[in-house]
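Q: Residues per chain are reported as follows:
There are 2 protein chains.
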Amino acid sequence: MNNFTFHVSTDIRFGKDRLNELPEVLNTYGKHVLLVYGGGSIKKNGLYDTIMQQLTENKNQVTELSGVDPNPRIETVAAGAQLCREHQIDVILAVGGGSVIDCSKVIAGAARSDQEPWDLVLNRSYQGSAIPLVTILTLAATGSEMNRGAVISNLETKQKLGVHGPNFLPKVSFLDPTTTFSVSRYQTAAGSADIISHLIENYFSTTADTDVQDGVAEGLMKAVIKNLPIALDTPDDYDARANLMWASTLALNGLTGSGKGGAWSCHPMEHELSAFYDITHGIGLAILTPRWMLHVLNEDTAPKLARFAREVFGVQESVPEIAARMGIQKLYDFFISCGIPMTLPEVGIENEQHFEEMAQQAVAFSSISKNAYVPLSVEDVIAIYQDASTPSSYM
Amino acid sequence: MNNFTFHVSTDIRFGKDRLNELPEVLNTYGKHVLLVYGGGSIKKNGLYDTIMQQLTENKNQVTELSGVDPNPRIETVAAGAQLCREHQIDVILAVGGGSVIDCSKVIAGAARSDQEPWDLVLNRSYQGSAIPLVTILTLAATGSEMNRGAVISNLETKQKLGVHGPNFLPKVSFLDPTTTFSVSRYQTAAGSADIISHLIENYFSTTADTDVQDGVAEGLMKAVIKNLPIALDTPDDYDARANLMWASTLALNGLTGSGKGGAWSCHPMEHELSAFYDITHGIGLAILTPRWMLHVLNEDTAPKLARFAREVFGVQESVPEIAARMGIQKLYDFFISCGIPMTLPEVGIENEQHFEEMAQQAVAFSSISKNAYVPLSVEDVIAIYQDASTPSSYM
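Quick note, the sequences are listed as chains A and B, same order.
Take any residue in the first sequence, note its place counting from 1, add 1176, and you have its number in my numbering.
Take any residue in the second sequence, note its place counting from 1, add 1176, and you have its number in my numbering.
A portion of the hints provided could be inaccurate.
Because identical chains share one entry, a pair is satisfied inside a single copy or across any pair of copies.
[Said to hold, decoys possible] The calculated lysine-lysine pairs, modelled on DSSO-like cross-linking and capped at a C-alpha distance of 27 Å, are:
id	residue 1	residue 2
1	Lys1506	Lys1546
2	Lys1235	Lys1192
3	Lys1480	Lys1546
4	Lys1402	Lys1480
Think of the hints as simulated: they come from the structure by calculation, not from any bench.
Using the sequences and the hints given, assemble the complete structure.
A: See the structure below:
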């Protein structure tokens, strides 16, 4: 196990009817609030009204930034930072999924920085101060509500990049499973694929003998695999939504990654799909993950892939390579059963036109060619994109 | 899933050679340090010298409180609180296992409180301020290094009681697996039994549909069951010690208990064994847990006990009650294989003289008779103590 620091001080308020605690939380930081949200689903489901009533009664001065895109854009970050300066914002209240929270994190930093927002992202690490951030999560997916990372897109340069900062960590996050009842089947499945991907990225690392982290990851994967079908069938099943929501947070708060080394594999490859084609992040990950697993399956990796198959999907086969293939098939079939389109053409990527450029960027903007679980060259990435262009079978 | 707040801000510094960070950490709080430790094992293994060198170079003014007992006594708490007042202590540095850390937590509160120390414990909850606490963990067991609880004994009144306080949470905890290399076989096994017991207490709760918490608990149990035999065979196996250490912390930092309801069962029963006979806490838990499982096995509880058997021990049996019994047997056999004495006479409790009084106290000082997984009467507790008096078989 590698050395690590685990210091995740976000105050999680989990459950129904917790928003009456919001005024007290915001008052810790001040009265001037920047309210950040996305396309307006919070206006349809009543959450916006609930929040505004709390803020009005609490005599907050509210500035709004709405319309944050699913792959949040650097232009939105710049606009938000400008609003923070103009209105002397004391605290940012992000209401939405990972995109809204990610966007808010970089706004929080950019508002207090002399750097141009895109330069801040290009640095990949921001050590400066940030405006305090409070979140109200409405989608179980990215885990951004309890970590220090953010992903921002620049459609002009066709780049989608992650940036981390110690002060990006939300101070308080409200997790109310009922806010996810109205999330569509497609977005629910995509969010869960994102959770599973985070767990898999950490699970297959270059560090051996990390049974604690791996056991936690297996437990979280099983919780998602059990509860996602329930939530798809019964969107207002509270416990299913609660399990998905809490799994999303724990999947990427450091718990399964701390003490392990190496670069992630599928996220850099997916970021290029999103950057070039603006597809749904979780869907891209679901499409790529089984193909990546097959691509890296060899004598050395078979035992860990077989452990995944046995512990997560209950595969009984004793020969590691066969068990591994059975596990990959089960993951693929699980995604299919949840209604996820499992080929690139199904999400509008119908030819190989950009595969080479995307593969080059995936390698250039990450370290997958150097220290991934199995290092991937530009050719490897192209092969995985090609494999993802048609339906697959692993047995 | 129940509503919960999860806010565990302890800064964990995990790994080898992290103690060079100690001066910077202590300087956050001040120069006057109360150094609390136990029976002197840290003098034998060199840890004391390493710490004192750091503190001397950092120009700390150090007051020492040594000799904290395995079941820490209220008299030691009172003495520590007095030292803090006399020497205007800024920060307490607890070096040891759960006993030293628990004792330090209550010292930290008592030093800033007008209450008599034992009154503070009897209240079971302390909402006042406390001196900041930094810990250096040397035993994987109680999880005290990352939570707000403490257990203190009063041998005069034959009581061993838990007390919680928001300000008992350690600010920073150093977890260096190498500090546990010299822990004896017996204490290593006892510590791991304590970890498993914490996970089992949370696992069997009155709240259903908590797959995230239960999946995490299963993963941590499997990590302990895999790594304890390695650590017993090879005491300086770094990864085995690292997995046990990190499992101990995560087993009781709120991760597996938040969102679940009900009272613990085996801890209140064990606390009476320790209070009356001063036995090793983890050993008492190992002895009681399989007996308790059998005692509560019925048609309603069989499915969860069977899940435990299948997920933790890989039992394949499909009939729930049989699977449950197989799981209980496997847990019992595991403890035996680790050298744990599994009957009360083997730890010096040779007759039933105090069973009734102990059972009455277990019920009086906890809520096991009201809201445990299966509520337990005085008669139930006596029956479990009686069953623990001879070797058991569950199949």
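Q: Among the hints numbered above, which are violated by the structure, and what are their numbers in rising order?
A: The structure conflicts with hint 1 only, although it agrees with all the remaining ones.
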